[in-house]
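Asker: Here are the chains, one letter per residue:
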Amino acid sequence: MSKKSNTRAFFWLLLLTIIAAYIAFPTRLAVDTKIFNKKIQFVINKPPIDFYFWGKHVYKDFELKKGLDIQGGMQVVLRAKMNEIANEDRETALESAREIISRRVDLYGISEPTIQVARLEDDYRLIVELPGVDDPQQALDLVGKTAELEFRLERELSDAELAIATQSANFLDMYFAPTGLTGQQLKRAQLQFDQQTAKPQIALEFDDSGRDLFAEITKNNINKMLAIFIDGLPVVTPTISTAILDGRAIMTGDFSVEEAKNLAIQLNAGALPVNIEVLEQKNIGASLGDESVQKSIIAGVVGLALVILFMVLYYGWLGVISSLALIIYAILTIAIYKIIGVVLTLPGIAGLILTIGMAVDANILIFERMKEEQRAGRNYAEALELGFGRAWDTVKDANLASIITALVLINPLNFSFLNTSGLVKGFGITFLLGSLLSMFTGMTVSKILVKQLMPLIKPKEFQS
Amino acid sequence: MNLMKHKKIYFLISAFFLIPGLISLILFGLKPAIDFTGGSLLEFQFIDEVKAENYSIEELKQSLQELYPVESIQKTGDNSLILRAKEITNQEKELIVDSIVNEFGEIRVLRFETVGPILGQELLKKTITAILLVAAVIAIYIWQQFHDLKFGISAVLAMFHDSLILLGIFSLLGHFRAVEVDVLFVTAVLTTLSFSIHDTVVLYNRIRELKKKHRHLSLEEIANAAVWKTLGRSINDSFTIIIMLLSLVLLGGESIRYFTLALLIGAITGTYSSSFTAVPILLVWEELANRQKHK
Chain G
0 MSKKSNTRAF
10 FWLLLLTIIA
20 AYIAFPTRLA
30 VDTKIFNKKI
40 QFVINKPPID
50 FYFWGKHVYK
60 DFELKKGLDI
70 QGGMQVVLRA
80 KMNEIANEDR
90 ETALESAREI
100 ISRRVDLYGI
110 SEPTIQVARL
120 EDDYRLIVEL
130 PGVDDPQQAL
140 DLVGKTAELE
150 FRLERELSDA
160 ELAIATQSAN
170 FLDMYFAPTG
180 LTGQQLKRAQ
190 LQFDQQTAKP
200 QIALEFDDSG
210 RDLFAEITKN
220 NINKMLAIFI
230 DGLPVVTPTI
240 STAILDGRAI
250 MTGDFSVEEA
260 KNLAIQLNAG
270 ALPVNIEVLE
280 QKNIGASLGD
290 ESVQKSIIAG
300 VVGLALVILF
310 MVLYYGWLGV
320 ISSLALIIYA
330 ILTIAIYKII
340 GVVLTLPGIA
350 GLILTIGMAV
360 DANILIFERM
370 KEEQRAGRNY
380 AEALELGFGR
390 AWDTVKDANL
400 ASIITALVLI
410 NPLNFSFLNT
420 SGLVKGFGIT
430 FLLGSLLSMF
440 TGMTVSKILV
450 KQLMPLIKPK
460 EFQS
Chain V
0 MNLMKHKKIY
10 FLISAFFLIP
20 GLISLILFGL
30 KPAIDFTGGS
40 LLEFQFIDEV
50 KAENYSIEEL
60 KQSLQELYPV
70 ESIQKTGDNS
80 LILRAKEITN
90 QEKELIVDSI
100 VNEFGEIRVL
110 RFETVGPILG
120 QELLKKTITA
130 ILLVAAVIAI
140 YIWQQFHDLK
150 FGISAVLAMF
160 HDSLILLGIF
170 SLLGHFRAVE
180 VDVLFVTAVL
190 TTLSFSIHDT
200 VVLYNRIREL
210 KKKHRHLSLE
220 EIANAAVWKT
230 LGRSINDSFT
240 IIIMLLSLVL
250 LGGESIRYFT
260 LALLIGAITG
270 TYSSSFTAVP
280 ILLVWEELAN
290 RQKHK
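Chains as they are written, first to last, in numbering that gives the first Met the number 0: chain G, 0 to 463; chain V, 0 to 294.
Simulated from the structure, these hints should not be mistaken for lab results. Values in this document were obtained by computation on a predicted structure and should not be read as measured data. It is possible that part of the hints are untrue.
Claimed, not checked - Okay, derived cross-link-like pairs now, PhoX-like style, lysine-lysine, Cα gap no bigger than 20 angstroms in a straight line:
(1) G:370 / V:228
(2) V:6 / V:228
(3) V:149 / V:211
(4) V:85 / V:74
(5) V:228 / G:395
(6) V:149 / V:210
What the hints assert, rightly or not - Among chain V residues calculated to face chain G with C-beta under 7 angstroms, some are:
(7) 186
(8) 200
(9) 252
Using N, Cα and C, we set each Cβ at its ideal position, and we do this for glycine too.
From just these sequences and the hints, can you work out the full model?
Answerer: Written as structure tokens, this is what we have:
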């Protein structure tokens with residue numbers, strides 16, 4: 000690289016670091032400490048990115064996502080008992096169960112829940128994470144009960160009743176009367192398209208007892224609403240247009256394809272009640288996490304300071320530069336966590352701190368190589384060039400092992416024979432990002448810094 | 000100085016660290032956490048400090064005995080305790096908490112975990128699969144890189160050497176200090192596999208480079224030179240990792256202490272085993288192969 004292009008690279012690096020530092024900086028930093036008996040107390044608030052670009056609202060506040068073990072909450076592993084469900088319907092049944100649970104959880108007001116589907120051989124599972132939940136029994140009830148689907152018929156209310164109904168929380172229960180037709184009698188709900196208008200619609204198919212009941216209801220209640228309730232709430236309120244005797248109904252309406260598909264899934268979930276059992280349950284109190292994070296951060300800062308001290312004492316000015324690269328590494332890492340939304344767990348933080356120790360590896364390799372080349376009689380500038388040049392192969396090979404291990408831990412393809420634990424993944428992700436980023440800061444960033452700064456520090460060595 | 004002359008000493012040092020752990024592994028095994036065995040765990044903290052100081056673990060165990068046979072009670076500092084037992088439901092947990100509150104004053108529940116036995120079995124299988132997978136991929140990679148199975152296998156042997164030392168130490172810790180082996184420990188073991196291989200790859204790279212340059216030298220001479228040349232880097236690099244891990248072990252939170260300790264042990268053995276296990280094994284193998292040829 001010529002001197003000029005290196006200068007350009009140096010300024011790009013500077014810019015990148017500044018942007019990353021902005022992202023990495025906490026949104027709200029409260030400082031309250033005492034230095035030399037002087038009380039220092041202030042709060043820095045970072046304004047979020049919030050502007051309109053061509054009429055589009057761009058908003059990002061770059062918060063670090065905290066895992067369950069840090070913010071507290073509950074993780075439940077559920078197994079769907081599929082023995083009564085035909086093989087081909089199992090995937091759909093599991094997907095519908097996920098839909099239903101996620102809807103319940105949303106209604107319950109839990110922010111940012113995650114519900115994952117997992118399959119292991121013949122086992123169908125749901126892994127539910129509920130941040131901030133501290134009443135396990137309530138949460139389990141919410142998640143674990145079988146979805147209830149029922150058909151309810153619109154009812155004429157007398158004026159007196161109407162007056163009560165509008166005041167009452169049970170308004171829906173008064174307005175729609177149970178018909179005795181439930182999800183048990185619904186065989187299947189399916190997304191279809193109208194042959195003339197190509198609009199999405201939903202076909203319902205009832206079993207024998209459902210067919211008779213449905214015929215009875217539709218015959219007597221034309222032009223009334225027959226609402227479908229799931230877990231006590233109406234999901235759709237179609238009106239009966241004709242009597243349907245064969246147990247096959249078509250529901251039309253102003254659905255988008257997406258809505259119709261979701262509706263079919265939800266109806267099927269009611270139609271295929273999957274019994275669910277709890278395989279594992281973990282509750283973590285939030286206080287445990289906060290304290291641990293504090294301690295980890297202190298450990299990280301102390302460690303970082305010691306590593307910098309060591310590098311500076313051992314390698315002098317080169318050590319100073321690699322410390323700069325190390326700090327850039329830390330800033331970039333946190334910025335990337337925020338950008339791609341890495342969920343930070345305690346083992347993840349340990350992984351981050353560990354990779355700070357590993358990030359100087361490439362530098363040490365290069366500097367040691369430089370010393371060797373100097374011993375072999377080369378001048379400083381040549382040794383520098385050779386050190387960087389020859390170290391790359393080794394750095395690449397050595398980091399590959401870390402990357403393989405990290406990938407096995409993260410299990411990105413969700414192989415059922417490998418780990419699926421969030422804690423392990425959390426560590427794997429920080430370990431992987433650390434390996435990749437440290438190659439960048441160890442090789443590219445420190446090379447740019449060394450080439451830009453060393454001639455200023457040791458001008459004699461670079462005169463040729 | 001020829002470092003590779005003293006292969007026996009290195010093997011003896013390895014044996015010194017391996018054998019007690021191996022004996023402990025055979026006699027006591029590891030102490031599996033509920034992640035593996037299934038069961039329940041309840042961690043809580045006493046809020047009423049006066050009462051909290053005036054109880055004994057025996058007393059607590061006795062008071063719960065009727066309600067539920069608690070298998071173990073462990074202190075975890077800061078007035079907190081961990082109870083372990085076989086699987087219980089949320090209702091049973093509430094009963095236990097109520098009974099403790101009645102006797103010892105208000106408590107704060109920090110953690111409650113229940114793992115069914117199926118998941119435990121599964122985790123064990125997954126663990127073994129993951130370790131074998133990592134080992135196999137790394138062996139194949141090194142074999143490919145160095146076009147010599149000897150390199151790959153001796154690297155993997157050194158890797159297992161490190162894992163066994165780690166397992167042995169945790170077996171001893173489990174027996175004497177009731178330290179449990181959980182899913183995070185497994186993660187640590189997998190990570191130390193990569194530590195172990197990291198330095199070995201650097202060393203092998205150097206051996207390959209020197210071999211090309213000095214074709215007339217024996218493998219032992221080359222290996223010796225390579226170890227000398229990489230030792231400084233290897234020690235310095237591990238030193239920075241050890242600084243970070245040591246500060247985590249000493250200053251970091253309770254819940255990841257043994258996880259970071261496992262990583263620390265792995266970082267140390269990984270550094271040692273590259274120069275003083277992987278290379279000596281390679282040399283001994285080469286010697287044996289040569290002797291075979293000359294016969």
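Asker: Each hint should be assessed against the structure and marked as holding or not.
Answerer: Results of checking the hints against the structure:
Between residue 370 of chain G and residue 228 of chain V the alpha-carbon distance is near 11 angstroms, which keeps this suggested pair within the 20 angstroms criterion. With a C-alpha separation of about 18 angstroms, the suggested pairing of residue 6 of chain V with residue 228 of chain V holds against the 20 angstroms cut-off. For the given pair, residue 149 of chain V sits about 18 angstroms from residue 211 of chain V by alpha-carbon distance, which is consistent with the 20 angstroms threshold. With a C-alpha separation of about 19 angstroms, the suggested pair residue 85 of chain V and residue 74 of chain V falls inside the 20 angstroms cut-off, and the hint holds.
With a C-alpha separation of about 19 angstroms, the suggested pair residue 228 of chain V and residue 395 of chain G falls inside the 20 angstroms cut-off, and the hint holds. Under the criterion of a C-alpha separation no larger than 20 angstroms, the hint pairing residue 149 of chain V with residue 210 of chain V is consistent with the structure, at around 15 angstroms. The restraint placing residue 186 of chain V at the interface with chain G holds, with a minimum CB-CB distance near 5 angstroms, inside the 7 angstroms limit. The criterion of a C-beta within 7 angstroms of any C-beta in chain G is met by residue 200 of chain V, whose closest approach is roughly 5 angstroms, and the hint holds.
Annotation: interface hint on residue 252 of chain V holds; nearest CB of chain G at approximately 3 angstroms, less than 7 angstroms.
Figure legend: structure checked against the earlier numbered hints; every hint is met.
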